[in-house]
Amino acid sequence: MTVKFCILRKGAEPPVYATPGSAACDLKALLDAPVIIKPNERVLIPTGLAIALPSPEYVALICARSGMAYKRGLALANGIGVIDSDYRGELLVALINNSGVDQTIESGDRIAQLMIVPAIQAVFTESASLDETERGEGGFGSTGTK
Numbered sequence: 001m002t003v004k005f006c007i008l009r010k011g012a013e014p015p016v017y018a019t020p021g022s023a024a025c026d027l028k029a030l031l032d033a034p035v036i037i038k039p040n041e042r043v044l045i046p047t048g049l050a051i052a053l054p055s056p057e058y059v060a061l062i063c064a065r066s067g068m069a070y071k072r073g074l075a076l077a078n079g080i081g082v083i084d085s086d087y088r089g090e091l092l093v094a095l096i097n098n099s100g101v102d103q104t105i106e107s108g109d110r111i112a113q114l115m116i117v118p119a120i121q122a123v124f125t126e127s128a129s130l131d132e133t134e135r136g137e138g139g140f141g142s143t144g145t146k
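By this note's numbering, the letter at position 106 of the sequence shown is numbered 106, and the numbering carries on one by one without gaps.
Careful, some of the hints might be misleading.
[To be verified] Pair by pair, the computed Cβ-Cβ distance ranges are:
id, residue 1, residue 2, range
1, Ala-33, Gly-138, 49 to 59 Å
2, Asp-32, Gly-139, 43 to 53 Å
3, Gly-141, Leu-61, 23 to 33 Å
4, Pro-56, Thr-125, 17 to 27 Å
5, Lys-10, Val-123, 12 to 22 Å
6, Ala-23, Thr-125, 13 to 23 Å
7, Arg-42, Arg-110, 12 to 22 Å
8, Gly-141, Asp-32, 41 to 51 Å
[Said to hold, decoys possible] Derived pair list, reagent style DSS-like, types lysine-lysine, alpha-carbon separation capped at 30 Å:
id, residue 1, residue 2
9, Lys-71, Lys-38
10, Lys-146, Lys-38
11, Lys-4, Lys-38
Please keep in mind that the hints were generated in silico from the structure rather than gathered at the bench. From the three backbone atoms N, C-alpha and C, an ideal C-beta is built for every residue, glycine too.
Based on the sequences and whatever the hints tell you, model everything.
See the structure below:
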């Protein structure tokens with residue numbers, strides 16, 4: 001699959017897969033100056049990139065980098081970022097500092113991963129009832145822990 005991208009500002013780096021087996025490519029911060037994220041603070045970090053997915057059959061997902069989360073307490077503020085096929089704006093990464101100390105992001109830091117996956121647009125049909133299942137309406141924790 002070919003995905004077009006635009007470099008919106010000087011210094012932005014194209015998305016690159018780190019290894020042949022990588023499922024996602026790295027996104028890097030593009031900053032004029034380092035950004036300090038205080039504990040429990042959320043910030044939007046620009047990448048200087050925009051993409052064009054080929055059709056509504058695909059979605060780009062911005063995912064956390066596990067090393068940043070584990071080692072530095074930095075995670076995505078929205079859990080996962082959804083880039084719809086018709087969005088043409090700059091890719092921004094919403095980070096939250098879950099650690100107890102200030103964290104600094106510098107330009108060029110790998111801050112997230114971009115994964116492109118198939119997306120299905122469902123046709124929703126209203127129904128008076130739903131099929132019965134063994135689980136039924138059991139919600140959070142209803143299937144046990146082991």
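Starting from Lys-146, check that the Cα of Lys-38 is at most 30 Å away, please.
Measuring from Cα to Cα gives roughly 37 Å; hence the hint is violated.
Quick one: are Pro-56 and Thr-125 within 17 to 27 Å, going by C-beta?
Taking Cβ atoms as reference, Pro-56 and Thr-125 lie about 20 Å apart, which means the hint holds.
Measuring from beta carbon to beta carbon, are Ala-33 and Gly-138 in 49 to 59 Å?
For Ala-33 and Gly-138 the Cβ distance comes to about 50 Å; the hint holds.
Taking 23 to 33 Å as the stated bounds, is the beta-carbon spacing between Gly-141 and Leu-61 within them?
holds, 26 Å
Do the beta carbons of Asp-32 and Gly-139 sit within 43 to 53 Å of each other?
Holds - the Cβ-Cβ distance for Asp-32 and Gly-139, about 46 Å, lies within 43 to 53 Å.
Looking only at beta-carbon atoms, does the pair Arg-42, Arg-110 fall within the given range of 12 to 22 Å?
Holds: the Cβ-Cβ distance is about 19 Å, inside 12 to 22 Å.
Taking 41 to 51 Å as the hint, is the beta-carbon distance of Gly-141 and Asp-32 inside that range?
Distance hint for Gly-141, Asp-32 holds at roughly 46 Å.
Verify the proposed pairing of Lys-71 with Lys-38, using a straight-line Cα cut of 30 Å.
It holds: about 16 Å lies between the C-alpha atoms, which stays within 30 Å.
For the hint 12 to 22 Å, verify it against the beta carbon of Lys-10 and that of Val-123.
Given a distance of about 44 Å, which is not inside 12 to 22 Å, the answer is violated.
Is Lys-4 close enough to Lys-38, meaning Cα to Cα at most 30 Å?
Given that 30 Å is the threshold and the Cα spacing comes to 35 Å, the pair is violated.
Thr-125 and Ala-23 - C-beta distance against the hinted 13 to 23 Å:
Taking Cβ atoms as reference, Ala-23 and Thr-125 lie about 33 Å apart, which means the hint is violated.
Checked against the numbered hints given earlier, this structure breaks hints 5, 6, 10 and 11; the rest are met.
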